[in-house]
Amino acid sequence: MSSSFITKQALADALKQCMQTKTLEKISIADICAVCQLNRKSFYYHFNDKYALVVWIFNQEIGYLLREYIEQGSSYLVALKLCTYFEEHRDFYMHALSDGCPGALRDHLVGELEPLVSKTLSLDSKSEINIEGVSRMVSDFLISALSQWLKRMPPISAEQFLDELIAVALVLTKRVSTLLNPTPE
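Take 169 as the starting number for the sequence shown in the numbering used here and just add one per residue.
For the record, the hints were derived by calculation from the structure and aren't laboratory data.
Be careful, since some hints might not be right.
What the hints assert, rightly or not - Simulated pairs of lysine-lysine, DSSO-like, Cα-Cα distance not exceeding 30 Å:
#	residue 1	residue 2
1	287	184
2	287	319
3	194	184
4	209	319
5	287	176
6	190	209
7	287	190
8	209	194
9	209	176
10	287	342
11	209	287
12	176	190
13	249	209
14	194	176
15	319	194
16	342	190
17	184	249
18	342	319
19	287	249
20	176	319
What the hints assert, rightly or not - Okay, the calculated beta carbon distance ranges per label pair:
#	residue 1	residue 2	range
21	334	198	24 to 32 Å
22	297	331	23 to 31 Å
23	229	288	31 to 39 Å
24	216	171	34 to 42 Å
25	271	213	18 to 26 Å
26	331	296	25 to 33 Å
27	288	342	12 to 20 Å
28	349	194	49 to 57 Å
29	214	349	32 to 40 Å
30	342	213	25 to 33 Å
31	296	258	48 to 56 Å
32	198	323	17 to 25 Å
33	194	346	24 to 32 Å
34	348	324	19 to 27 Å
Computed from a predicted structure; not experimentally measured.
All C-beta atoms in this analysis are idealised placements derived from N, C-alpha and C, irrespective of residue type, glycine included.
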């Protein structure tokens with residue numbers, strides 16, 4: 169392992185430790201550096217801000233796997249893998265995606281999901297939608313739903329969350345179809 173990776177991992181571990189007692193908005197770079205006994209210069213050599221560190225943590229822990237699943241796997245398996253990961257790290261990501269935080273992680277996650285949503289939407293070759301624009305909108309909706317799920321008390325499992333999300337999508341699909349194609353009376 170390179171010394172750069174070791175330093176980044178030390179900073180990541182320190183941020184996670186700080187987030188056990190403080191929200192991300194209240195954690196300073198000085199707090200992170202104090203925990204891992206590095207100076208601020210070392211932090212800024214590797215990251216622009218604490219939000220870039222959060223994105224790095226995501227990429228190291230599951231981002232690369234998510235990209236592999238998107239290329240190979242089914243949409244449901246990718247969603248389940250991602251939701252299971254977030255379920256296991258609920259507290260960290262609940263704070264990282266909270267309303268008070270800038271959108272670095274949120275924007276990153278939307279960008280990561282877009283290829284999966286595009287792939288799913290392109291399966292319907294008869295569709296006349298702008299796949300690129302709709303993919304971004306749907307990805308943003310899914311990250312919003314994910315963020316709300318992480319905050320939900322009492323928490324529900326990844327499988328329950330996905331089942332609810334699928335059920336809502338089916339109800340909405342049926343309702344929109346009824347609105348667009350009313351039955352004559």
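For a quick check of understanding: which of the numbered hints are violated here, in increasing order? 1, 4, 5, 7, 11, 13, 16, 21, 23, 24, 29, 30, 31, 32, 33, 34
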